[in-house]
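Student: Following the hints, complete the assembly by docking chain B onto the known chain A.
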Amino acid sequence: MILLQKFGFKESRYERPQDKWLCGHLADGTPCTRGPDKNGKCKVTTVCTPRQVVAKDDKGREIKGRWECRRSTQEGGPCEAGPFPDGRCCQMLTPCEPQPSLRTKRKRAGLWATALAVGVAALVLSGGAANRYLMPGPLTSQHAGLTECSSCHAGTGPGKMDWVHKVVTSVDPKQNADLCIGCHAMGAQPFAPHTHPVDELKRLTDASRETSKGTSSLLQRISLSRPMSLPSDGAAIYCAACHKEHQGEFRNLKEVSNERCQTCHVSKFGSFATSHPQFSDYPYRRRTRIVFDHAAHLEKYFPEVAKDAAAGQAPPPACNGCHQPGFDQKYMEVKSYGAMCSNCHNKDILGTGRTTGPKGIDFLSVPGLDVNTLTEKKVDIGDWPKSSEATLTPFMRLLLAASGETAAMEMGDIDLIDLSQAEEADLAKVKALAWSIKRIFAKLEATTLETVISGGQAGSGADRQQLAVLTGAISHDVILGANREWFPNLQDDLQKHEKGEPSAAFREPDKQQEAKAGAPFDAEAWAEYGGWYRQDYTIRYRPSGHTDPFLRAWLNYAGQSFAVGPQNPVAPVYELLASQEAVGRCIRCHSIDSAETGPKQINWRPFYTDHTKNRFTSFAHKAHISAVGTKGCAACHELNAAGGDYVKSYLGGDASVHMPNFKHIDKTLCASCHTRQASWESCTLCHDYHVTESKDSSRLGKKPQASAAAK
Amino acid sequence: MAWLNGILNKSVLINLAVASVVFALFYAWNTRYDLALRDVQYFNGWTLAACIAIMMLLTLRKRMVILPFGRVRFWLLVHYYLAILTVGAFLVHTRFKLPDSLLEWVLWSLFVLVAVSGIFGALISKYIPPKLEAHGERIMFERIPVFRNQLAIEAEALARESVKDGTASIAKLYVDVLGNFFAGPRNILAHLHSSHVPLARVLDELSSIERYLDDAGKARLVKMRELVETKDNLDFQYANAGLLRLWPFLHLPPTYALLVIAVVHVILAYAFSARIG
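These protein sequence lines map, in sequence, to chains A and B.
According to the numbering used here, the residues represented by the first sequence are 101 to 811, in order.
According to the numbering used here, the residues represented by the second sequence are 19 to 295, in order.
The set of hints was computed from the structure by calculation and includes no laboratory data.
Honestly, I wouldn't trust all of these hints.
Computed cross-link-like contacts, DSS-like style, restricted to lysine-lysine with a CA-CA straight-line distance of at most 27 Å [what the hints assert, rightly or not]: (1) A:763 / A:713; (2) A:207 / B:80; (3) A:430 / A:713; (4) A:531 / A:543; (5) A:543 / A:599; (6) A:767 / A:731; (7) A:599 / A:529; (8) A:207 / B:144; (9) B:115 / A:354; (10) A:354 / A:722; (11) B:115 / A:344; (12) B:149 / B:80; (13) A:138 / B:80; (14) A:354 / A:302; (15) A:368 / A:713; (16) A:205 / B:144; (17) A:143 / A:207; (18) A:486 / A:459; (19) A:143 / A:205; (20) A:430 / A:767; (21) A:120 / B:80; (22) A:106 / B:241; (23) A:430 / A:731; (24) B:149 / B:28; (25) A:435 / A:763; (26) A:767 / A:722; (27) A:596 / A:543; (28) A:477 / A:599; (29) A:106 / B:149; (30) A:205 / B:80.
Just chain B, with the same shape it has in the complex:
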């Protein structure tokens, strides 16, 4: 739960409290509408739509880099805490029940997908960057392939050099294990949950040949160990930074689909409204 303590700091708790109070006010107002024999679905439905519209302003703000619309960080916070209200308004709008028809299921599924991916994204956006900072050198994601290639070349060169000296242990290990290790991103899942097992396994392999090496060979082994550790950090950065770049694929495209189906939903709601007064 340490990660949770890291997320729930004082300011977050205050913001959550404010969001909760706002939701409570909304719920009270919604209940008032309901008790007053009004068609409360219009009230909570339009509240939900308004929340979604305001959350969409984050995207707009990101595109407008020149106009002074406040910092993106501010809009991101608005996005986060409004999302809590939006989920609440959605639950109220759906009367805390599962849908009954195809179109409603599509709409419900899209909203749930957007909401769940959004919550997931918010959590990992808070959790992963400190993890990346704390884990070795922080590498720009776009440069990772270049560095990976660079390390692979160096490792291969080291293996070739050891052959020339007549100590083939490192070269053999390179052929059996290290070559594949340096060839591309490895141990993605292990890195996502910060497992050191894959690295330890490779390092153990390196340690196991140390006794067969002379001093020059041991120097190369030290060098190779550094390359392995650097490559492991590279994989760690790739896995976690990659996750930060991939989750929006589950958030943004469904959002656009959600907007389309929501518009259809609104049109249908007005077309078939009983208009109770």
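Chain A on its own, in the form it takes in the complex:
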């Protein structure tokens, strides 16, 4: 191989790779030595620039001599021909078209690329479809209808370049988040952790800290990060902290990593199977709202019904005979009363199965008094049915109290049926009671029951509706008929009593006549389908069936009256209606939640999906149907052999103290499927983040309007 390259002052030329321009002849392998100037212009015409020899004579004067060739040694040294006499080089060079060097080309490429990028950016930013191009990604399908940036980005306008304004203006994070909650209702504290009252979170946290003490390992307790700001100092967690938009149409905006959840949570753990806290009392944290003894029904009543096989009665074939998925297919709800219970339990409500006692509720009554003794002792109470053995009903007591009549409250233990041993003071009380009852009946004849109940105070629309239900739409004729039958001279007696005159019955006792009953008539049977009837000197209400509004309204009203304490005028009404053997037997199935002191919440509805609204956990039954196998629901819900105490659970008011029909579900049952590899084990699979309301407030519901009667 021939060595081409030589280095040395005379052997090789000086290379200038930093130059912007190169000689155009370089590509042919014959570049000139001088090269183009810095502007890319070829400036050579001849091989060399000859030099004139200058000598000096004896006197020191310059003498111009011959022209010498100045061709470089690398190009062969001075040529033989030498310069022309006028000093011009004899070898002319062909001018070239200088070429940019690689460095220059690279710089140009950089400029072009920059200009192209600026142009593309300008086109995109100012184009008609700027919004589409500026977006970092498509919105989720749920937000596809939001076409304006200003829908979600505070501070931007509808114009193409309005967003530029936002670059230099300050937008509070809350302003953006407020736009979210404009559509997504998140309760009263939308930016609090879990959108939940912070005080309750603190309480739960303290409780969790207490229970998890010592159960988590050191590794689990290590906290790599702290939240950006603690909610206790008034800071907030805004929507965008978790919900990342512009990630594509199918992005799950609710997706949150397990680690993010554990940033704040004091109890930290790894996998679900190994270190998630064990379930406590899951899923039966409270007793069922409807008192339904599964064990008794499955083992006793249903087999009996199956044997008896009365017309229209058949036990449910399986769990789904009574249970069905709710609207969101997540929670199992129970079917309606009509579909499940009515065949066997209608007679309890209608009273048709009742063998003793009235089938209607004693509402208004004329209590039985020892009229003979009163007459003997010259106690004037006017006309009074001698044969009445009725007692003063709680409703009567309530009406008397609401009307300002205090006589009933002063009766103590006076035996109204036998006053032979009564003292003068007691007789005076009985007299006052009798006249107050007459005044009530007279008042009811002249004014509405609603007015009497409400103490004559005008209420709101809601009050009026409530009062209408509380009166059971009683007819005026019911009152009128009772007065004509029981107190034929009511108005006359009252007028004379007011004037201090003796009543007609007192002056002419012989003329006093008991109202004669007509032909034998069974008023209770007449009211078989519900409504008002009169019997045994009592006006009674017979329930029309399940969900009877009158019974329900009075039970609600009476139950809530305990908010002011157990000693209130409505409490006896509650005791009457809420007893196990009460007409309608509502409370035999509808459980009552109550604190030791406070209102009594009657659970009219069984569990339904709305009850889960403010839970921190959720469960999807539908997704598990295929996993239960041949055991069906029993795969998870195993009947509790020690279920005999189920009904006793309802003796107290605390719903959390109970003995469930079914065994609690152990975590290992869930963990047998839910692993990292299968079926997922992310926090949000079972736990909900947004729990907008306090658990306590949701459980107790809205308090009813207080009425004057409760006073």
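Tutor: Then chain B, alone, in the frame of chain A:
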């Protein structure tokens, strides 16, 4: 894999380990930000921007030849290993996903182009110079056209000389094969993967006429073989050194475009930020 062993020497492995540790720290810090419900995109985005800015200092250093800012070699090493962090930060910033919109695609494509060309350039900058040293005479790239011309003239002269002697075999071979071979750069791709096939083919052609030559002709043939081998080395130097000079065309111009689009991206990010706190 011999070339890989040549690249992954002890110091490179140590530097890679350091870069990996730094990236792991960055990733841990990023995860911490993410778990703390902060807008982690700002953290990893600005980290990415800072990495790019520091890498750009290499260009600045090359332009500042007077001020004592450390050797270019040092800045080149910083450029290399920071590039690893930058690619990592980019993947974290993009959440390991492809973009969804036009502007994001432009930005993503430019970054990928810059990164891939940079990695390619780094690899060939490590791989080619030893190859050039090992393959015949090392020729300055700027002188290659001159030498090529010089060899072409000599080869033509040799062919003419053989005609005068009446042995036209070399001249005929020159007309058929060698003339084109000496006329310009040849077999670029073959030289890029160090193939000797093109040279062997030409040399075979020369060998095939040897039996028809007398002693003078054989002497010329030897001379011609030397010219061919020298020209082949020249082509080898041209192909590989040329590649070293051309890859920056895929690296630097896209970098400037990337900076422009990145600035737009930052402005948009702040304009439409949810500012979660």
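Student: List, from low to high, the hint numbers that the structure doesn't satisfy.
Tutor: Per hint list: zero violations.
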